[in-house]
Structure formats: C-alpha cells, structure tokens
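Enquirer: What follows is the residue order along each chain.
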Amino acid sequence: MENTRSLYFFLFIALALAYVSAPAASDGSGLKTSVGLDVVGQAGLNSTSGASDRLDVREFEVMLYAPADHLFDGMGSIAAHYEGTGIPQVELHEAYLGSSKLIPRSRFRAGQYFLGIGRLNQVHRHDWPFISAPKVHKEFFDAEALLDTGIEYSYLLPIPHFLEVTAGVTNGFVYGHDHSAGSRPLVPTNYLRTVTYFSLPWDGGTQIGLNYLGRRGGEGTQRTILGVDLTAKWKEGALLNFLLQSEIWYRVLTPKGGTTQKAFGLYLYPQYYLGENLFLGLRVDYYSVLNLTDAFGSPVKSVELNFVPTVTYRPSEFSSIRLAYNLKPEFQGGASTTGHHLELQGVIVLGAHPAHDF
Amino acid sequence: MSFQANLFRLRGMGSGLLLVAGLLLMAGCGGSPKSSQNPIDVYRLNGIEYGVLDKGSLDFSDTRISGKGTLIFKDPAKSDDNNYALTFSLEEGGSLTLVANSDAKLAEGVRYTFSRTGSRLKVVLSAGASETYDVSETFAAVPASSLPLMEIDVHGHGHSIVWAAGNKLDEFAFTTRVTGRLWGLRLDKATVTQAKIGKAKEEH
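Order-wise, the sequence lines are chains F and W. With the first letter of the first sequence counted as 1, position 76 gets the number 76 in my numbering; the numbers rise by one all the way through. With the first letter of the second sequence counted as 1, position 72 gets the number 72 in my numbering; the numbers rise by one all the way through.
Hints are computed from structural coordinates only; laboratory data are not their basis. You may find that some hints are simply not true.
Stated by the list, open to error - Straight-line distance between alpha carbons at most 25 Å, and here's what the computed SDA-like set of lysine to any residue pairs gives:
1. K199/W with I208/F
2. K256/F with D59/W
3. K105/W with I40/W
4. K199/W with L342/F
5. K138/F with H177/F
Claimed, not checked - Pulled from the structure, derived: some chain W residues nowhere near chain F, Cβ distances all over 10 Å:
6. G118
7. T175
8. R186
For every residue, glycine included, the Cβ atom is placed at its ideal position computed from N, Cα and C.
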C-alpha cells in the first residue's frame, strides 16, 4: 500500500512538474524537464541463462534541471522501477545544487548524485550504448550506478593540456544497492578521479580517466577500488561513426578479521555505425575473483565472460530500440556453464536532454 | 561513408575482438587449481562435496546427514548473491543453521537458524556480529514436524528472500554486507537430505 501511494505521489509530482515547467521553460528561467522511459525484456535460451524471462519497465524517470541564478545550478530526478515486486518502487535518483561559476576553474555539487567516477557510473542507464551493466560494474558499483549524498569538487588544472581532478566524499552509510538505511561507516565513501583528453587521428578524440574509491563500512569491511576508463569517439558532425568504450577495475575487499577478496574485471565495447540509423557493437566482459579458495584453502580459478553483440536502431537522440544477445561462459574450478539469453530494449526521452560529458 | 566501407572496417574490428577474447580465455582458463590439501575428510551429499568441521555425533551417508555437528561445503559460491535450497527435518528440540556467504571457519556471513519446539518452528536470522532478528512469524504456517523444501536467497548487499515449498514467504533487509563465498550447516538433532547452492532466484 505504501508503495502504491508512493507511485501515485510520483506520478502526481511528474505531471505537476511537467505542467509547471512548460511555461517556465519559456519565461527565461531556463527550467528544463526530461522524461525517460526505459523498457527492457529478457528471454532465456537455456536453463543457465539467468534471464528474467519477462518484459519490464526498467525505469520511468523524471528529471528537472536549471540555473537557479547567475551562480548556482540545480538538478533533481526521480525514478520509478520494478524490484521484484508487482508495484514499481519510487526513489530519488539525483538532487543536488552546484556551481561552475563561483570558484575559478572549479565546479562542485552537493546533494545526492551518481558519483563522478568511471564512465558508466556518470551516465543515466537509458543513455548507455548497451542494455545491461557489465558484470564488473554490477559487482563493484550497482546494476545502474553508485549514488550517495555528499560533496564533489572538480578542478581544471591551469596547464595547456586538459586535465581535471575530481574529489568527493559521501555519507557512505550505504554502498550501492541497499534495502536498509545502512549504518555509520568507519570511513565514509571517498573517491578521486583524474581525467584527460587527447585528440586522435581522423578527427577522433579520447577521454581517459584514472579512478580511486575507498570506504570502510560500519561492519569493518575495507573496500578499495582502482580503475581506468576510456572512451574514444570518431564523429562526423553529430553522427557517431565509431565508439570505443572500456573500463578496467580492480577491487580489494577486506572484511574485519576475515579473508581479503581480490577481484578484477573489465569490459570493452566497440560500436560501429552501419548507416540508416543502425549501430552494431560487441561488448566483451571479463570478471574474475583472483584469490578464490575452496573450503579447504585450495585456490579455485574463477572466470566469467560475456559476449554481447548489440544492434541499435537510433533514429534520433530521443529514441532507440536495441537488441542484444548474451553468450555467458562461466568457469569455476573444474566446472563450466554457458548461459544464452536475448535482451530487447526500447528507450524514449521526452523533452529536453542534458548534455553529457564527452 | 559507404555501407561497404563500413563493413570492411567492421571486419578489422572483429579480428581485434577475437584476439582480445582469445587472450582473456587464455588468461582465465589456462591454469588449473592446485591440488587440495584437505585438512579434513571429504564426504558427499547427493554428489556435493563437503568437509566436517565438528564431527560431534554426525552420521553420514551419500543421501543424508543426521545428528549433531558442523559441516562446510567444499566449492565456493559463484557470486555474492546465491540461492540455498534445503530439505531437512528436525527432531523435537532440534535445530539446523544455514551459514551463508561465510568464510572457511563459518565465522561470519548470514545465518538462518531453524529450531523446533513441538509443532512450532522458530527461525532466527543473523548477519555479521551484531544483527539478529526473530523472523518466526514469517514461517508461522510452516509445520515444524513436516518441513517442506526451504529456499533462501542471500544477497551480499544485505538482503534475503525466503520460500517454503516454492511459495515466496517474505524478504528481509539487514545492514551488514557479506562478502564470503563459502557456506555450511550446523546440525543438532537434525537430518538433511538435500543442500544445494545455485543462482539467486531474484536479483534485486
């Protein structure tokens, strides 16, 4: 019942904001509204696929953003999605104030937001170039993104080459997907990202980020994550001819008094424009727990792969239809399984759409 | 750019990807684990290997384990989110504890303790060192004298879902995040005929 009330409240707010923002957008205030609808279906092709075998509204998201005055900006987004229940769960995705004008060469934000690390973590899921999160992203961060409430500050170094450093601290009471209010961490979530940009031949460009994240939870588990993200694009005007996106991550988890777990994962996604609004990509995922042992202390080799050819029909930046096939070989010890499943996604974005970083 | 030119460049891209995939496969699958130096005897329950941490008065066969003692299953879980399926019975005053997402000593992780008093089933959920919840009410309709198949999802991010005889009963959230990949059982006047681990039934 509480969830139903939340859903009605969410729909009321969404409609009210859309109604209010329409005249506001033309009154000089700059208020913009965006509504994102993300529908995803999965169909398993064998018994080990792990597919949901259903079609879901993965997300219905309402986003508002605008400059508050000559110094500050504000942004808020609320999303409804299913979490294993018949009724959508409504949650606050982002709500923060910030400025890129108050301090020279700097920008900051305070509130709840997707943490400014990596590539996928900073992009709303309906804007990803593929349907579902790679294993490493899901394991280290979340199925969508790691979000929390805190403060983030970015500084553009005064050198001829583009080099920006971002540092942030968030409450860290929860980390990633959580069903509870969490508990006070011994060390809050803290992160650092350095990003640079290089031009590439044939009018290409690449952005490379180095990332660090740390946290020590209330139960004493120390989490350290290091990673590199790379995005390279070759465009002709607004048309993305070729995209290469990759993230490589390494995580060390040390429970209080327990055994340290080291894990490594990556994904690599090249995508090519075929013409006629059609894009073809192939994502390769790799994930391994490096020091997995069995109950008797013997090392166990553990590797999960996923090969995801993905076709996207994207007639404009406001809509896309995507079809993907997942081939997932998994090896652990002497055993192996291979899952097969299909995914279908439809995305519609209504209204304005904020510009993305590169 | 023509469609044919695009396809030509695509073929080159495909070769590169095959190379990357091959390297990853070689890195991941090239070795085999060192031979086990089992400090404890290995037994099998329906083909699933386990070792005994506390032999107590345990009685073993290939299809059942009964009595009092503690055992740990050999193979680690494949994920932080798992489903545990248990078929067991309890004598009067008996109990069975599932220790999930734990370490080699079964000293941490999530614990479900099922205990029987008459026809009443008491169920206690514990996570980490500080969280303990009596969740017996959820199992009020489950007869302690004739327990059905119990299935329990334990997700590493502090979430658990329970089913009895295939019917979803409830789900619980706790603040302790668990990272262990090993699991085991503590028996006291209990008989276990099935204990399996698999992919989480629900992912959320």
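Enquirer: All hints, please: hold or fail.
Expert: Results of checking the hints against the structure:
no. : hint               : verdict
1   : K199/W with I208/F : 35 Å, violated
2   : K256/F with D59/W  : 34 Å, violated
3   : K105/W with I40/W  : 12 Å, holds
4   : K199/W with L342/F : 18 Å, holds
5   : K138/F with H177/F : 10 Å, holds
6   : G118               : 33 Å, holds
7   : T175               : 5 Å, violated
8   : R186               : 15 Å, holds
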